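Use these hints to put chain B onto chain A, whose structure you have.
Sequence lines, in order, name chains A and B. Residue numbers for the first sequence, in our numbering: 1 to 145. Residue numbers for the second sequence, in our numbering: 1 to 145.
Mixed in with the good hints there might be a few duds.
[Claimed, not checked] Straight-line alpha carbon distances no greater than 20 Å define the calculated EDC-like cross-link-like pairs of lysine to aspartate or glutamate that follow: (1) Lys54(A) x Glu57(B); (2) Lys143(B) x Glu16(B); (3) Lys25(B) x Glu57(B); (4) Lys99(B) x Glu113(A); (5) Lys54(A) x Glu38(B); (6) Lys41(A) x Glu57(B); (7) Lys41(B) x Glu57(A); (8) Lys99(A) x Glu57(B); (9) Lys54(B) x Glu57(A).
Because the hints were derived from the structure by calculation, they are not lab data. Note that the structure is predicted; figures quoted are calculated from it, not measured.
2 protein chains.
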Amino acid sequence: MSLALKEAQKAYDLGEVPVGAVVVKGDEVIATAYNRRETGKNALYHAETEAIFKACERLGGWRLWECTLYVTLEPCPMCAGAIVNARIPEVHFGAYDDKNGACCSALHLFNMENNFQPKFTGGVMEEECSSLIKEFFKNMRKKKS
Amino acid sequence: MSLALKEAQKAYDLGEVPVGAVVVKGDEVIATAYNRRETGKNALYHAETEAIFKACERLGGWRLWECTLYVTLEPCPMCAGAIVNARIPEVHFGAYDDKNGACCSALHLFNMENNFQPKFTGGVMEEECSSLIKEFFKNMRKKKS
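Excised from the complex, chain A in its bound form:
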C-alpha cells in the first residue's frame, strides 16, 4: 500500500484526484498506476483500470488469477467490475468511499451471485490514504473560492 500511496502522490502533483494502485504477483510488482483522468482526457484512466490493463499486457492474458491489487481508495463500479472481469482474487483498499465505493460502501459488487467473488479488505493505511484525498479536495475548494 505504501507503493500505491506513492502513485497517488503522483496524481496529486498533477492536480488529479489522488488515487494510486499496484498489482502484485507473489513478491513481484507487476504494474503500478495512478488516476489521470483529467490529464489523460479519458474516462478509463482510473488507477485500477490502468493497473489492470498494464498487468494483462505484462502477463499476456486477461486472467490475473494469482495477483493481488492494492488501491488507496475503494474501487468505483467500473473498477470493481474490471477486478471481477480480470479474476483478481484479492483486493486491499485504503479509504472507504461512501458515495461510489463498489466493494461494500455504496454497492457490493464482489458478492454478486453466479459471478467471480474477490476477497477484499478495506481500511488498509486508511488514515494516510484518506488524508491525501481530503487535502486534495480542500485545496481545490480554496482555489475555487
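Structure of chain B alone, referenced to chain A:
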C-alpha cells in the same frame, strides 16, 4: 444498432463472444468496437470500454455528454460503470443479460443515488442480438464435446 451488430459479427468471426458497440454524437459515428478479450488478451477489451476509450480519444475529453451508446448486449458492471464515469446520458442495448447485466437485470447501476444516471432502453433488435450470442455458445459447446 445495425452497426453495433456488424461489430459483434467481427467478434464472432474471431471466436470472441459476439458483442459490438457504437458511440454516436448527433448524426455522427464517433467510435465503433467489438469484444476482443481473448485475442487482445486483456480484461478491459469489452466492446463498450473500447468504444468509450476511442470516443474519449476522438473528442479529446473524458466527458461524453452529448453521446449515445448502442451495444448488442446489456453492459456488465465494468462497462455500466464506465458509461456512468464517462457521463454518457443515453444507452440502448439489445439482448438482456440475466446473470451479469448491470442496467436492470442483475444490478441497477444506472439508478445509483447521488450519481450520474444514464437513461436506457433494452431489447432493441433483441432477436438479432441474442441469436448471434446463442449461436456462438451453441458452436462452442459443439467444439468442446
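With a cut-off of 20 Å on the C-alpha distance, tell me whether Lys25(B) and Glu57(B) pass. holds (14 Å)
When you check the alpha-carbon spacing of Lys41(A) and Glu57(B), does it fall within 20 Å? Distance ~7 Å between Lys41(A) and Glu57(B) Cα, so the pair holds.
Check the hint pairing Lys99(B) with Glu113(A) against an upper bound of 20 Å on the C-alpha distance. Holds, because 8 Å separates the two Cα atoms, which is no more than 20 Å.
Quickly compare the C-alpha distance for Lys99(A) and Glu57(B) to 20 Å and report which way the hint goes. Violated, because 28 Å separates the two Cα atoms, which is more than 20 Å.
Straight-line alpha-carbon gap Lys41(B) to Glu57(A), limit 20 Å: holds (7 Å)
Take the C-alpha atoms of Lys54(A) and Glu38(B), compute the straight-line distance between them, and say whether it is at most 20 Å. holds (16 Å)
Is Lys54(A) within 20 Å of Glu57(B), Cα to Cα? Measuring from Cα to Cα gives roughly 18 Å; hence the hint holds.
When you check the alpha-carbon spacing of Lys54(B) and Glu57(A), does it fall within 20 Å? holds (18 Å)
Hey, Lys143(B) versus Glu16(B), does the alpha-carbon distance stay inside 20 Å? Between Lys143(B) and Glu16(B) the Cα gap is close to 14 Å, so the pair holds against 20 Å.
Hint 8 from the earlier list is the only one contradicted by this structure; the remaining hints agree with it.
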